[in-house]
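A.B. asks: Protein chains in written order, with our numbering: chain A, 1 to 152; chain B, 1 to 152.
Just so you know, not all the hints are guaranteed correct.
[Claimed, not checked] Interface residues of chain B toward chain A, partial, derived using beta-carbon atoms under 8 angstroms: (1) Glu-62; (2) Tyr-72; (3) Gly-89.
Derived by calculation from the structure, the hints in this document are not laboratory data.
Just so it is clear, CB atoms sit at the ideal spot from N, CA and C, and this is done for glycine as well.
Number of protein chains: 2
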Amino acid sequence: MIDAAEQTFLDLAIEQARTGWQEGGIPIGAALVHDGEVLAVGRNRRVQMGSAIRHGETDCIENAGRLPARIYRGSTLYTTLSPCFMCAGTAVLYDIPRIVIGENRTFEASESWLASRGVELVVADDATCRSLMDTMIAEKPELWAEDIGEEA
Amino acid sequence: MIDAAEQTFLDLAIEQARTGWQEGGIPIGAALVHDGEVLAVGRNRRVQMGSAIRHGETDCIENAGRLPARIYRGSTLYTTLSPCFMCAGTAVLYDIPRIVIGENRTFEASESWLASRGVELVVADDATCRSLMDTMIAEKPELWAEDIGEEA
Numbered sequence: 001m002i003d004a005a006e007q008t009f010l011d012l013a014i015e016q017a018r019t020g021w022q023e024g025g026i027p028i029g030a031a032l033v034h035d036g037e038v039l040a041v042g043r044n045r046r047v048q049m050g051s052a053i054r055h056g057e058t059d060c061i062e063n064a065g066r067l068p069a070r071i072y073r074g075s076t077l078y079t080t081l082s083p084c085f086m087c088a089g090t091a092v093l094y095d096i097p098r099i100v101i102g103e104n105r106t107f108e109a110s111e112s113w114l115a116s117r118g119v120e121l122v123v124a125d126d127a128t129c130r131s132l133m134d135t136m137i138a139e140k141p142e143l144w145a146e147d148i149g150e151e152a
Numbered sequence: 001m002i003d004a005a006e007q008t009f010l011d012l013a014i015e016q017a018r019t020g021w022q023e024g025g026i027p028i029g030a031a032l033v034h035d036g037e038v039l040a041v042g043r044n045r046r047v048q049m050g051s052a053i054r055h056g057e058t059d060c061i062e063n064a065g066r067l068p069a070r071i072y073r074g075s076t077l078y079t080t081l082s083p084c085f086m087c088a089g090t091a092v093l094y095d096i097p098r099i100v101i102g103e104n105r106t107f108e109a110s111e112s113w114l115a116s117r118g119v120e121l122v123v124a125d126d127a128t129c130r131s132l133m134d135t136m137i138a139e140k141p142e143l144w145a146e147d148i149g150e151e152a
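So here's chain A without its partners, still in its complex pose (with noise of 0.2 angstroms):
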């Protein structure tokens, strides 16, 4: 569980989800925070921008622009589901240090990673990011696949 400060800032990830299931895409959001300042939010755009690097937690990073290193090194990245590789790796690379997940129920695979690389993992277990997640691969799996590298 998170407190409702935190959950104010999955909050914003989750508004950021439900933009991208509105615009068509695939709803997975994202914020990064520093001393409590929201520095960028972000969403996943690969139907919108046609992008294969837009994930939710990179489009936010993107967002955010060139930081100083010591500005990821304090910061938490907030995201309604849990990492892929591509955005565990960019976590890994900037050293942000602490990672609020919203679910991994529906999508979990570089948490045991993360964690050996030393980043903090909270999973808040949303039923908001579960419903998006789930609607999202009922309606459009051959989307989701695509997202995530696999088959169809």
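Since chain A is already given, all that's left is putting chain B on it; use the hints.
C.D. replies: Leaving out everything else, chain B in the frame of chain A:
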């Protein structure tokens, strides 16, 4: 060592690295090749696009567009420099089975992890790749530190 055909693909990545340096950027380039066909090339565009996620390999994969999983799974990624964890994670996400690395003397972080994930790595130890990096690290050490998430 790599054969002449593979050197041709690595040379495309080197050409991208040179272009990036001429643009004032970080001289790292990449090419994605499937069955002898070049799907895309790319280069680090941190400076050119103000980007935190456009490394040589991720820019190349983005430039290739949305591809079916089977294409990634039959491709080789050529890169002038040993991949950081973001780029390594991207290769793992898409199950790219083979990476040809121009050089790994100036930077190496992910190779043992990639090997543990079953990715075949070939290190060319190319003198041109090393020279491009040596020049950049000497002339722009702060930029290089930023690119790999370190304090300058």
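A.B. asks: With a cut-off of 8 angstroms on the beta carbons, see whether B/Glu-62 makes it to chain A.
C.D. replies: B/Glu-62 check passes; min Cβ-Cβ to chain A is 5 angstroms, inside 8 angstroms.
A.B. asks: Does B/Tyr-72 meet its interface restraint, that is, does its C-beta lie within less than 8 angstroms of any C-beta in chain A?
C.D. replies: Hint holds; B/Tyr-72 Cβ to chain A Cβ min 6 angstroms, cut 8 angstroms.
A.B. asks: Given B/Gly-89 as an interface hint, is the shortest Cβ-Cβ distance to chain A below 8 angstroms?
C.D. replies: holds, 2 angstroms
The structure fails none of the hints (numbered hints given earlier).
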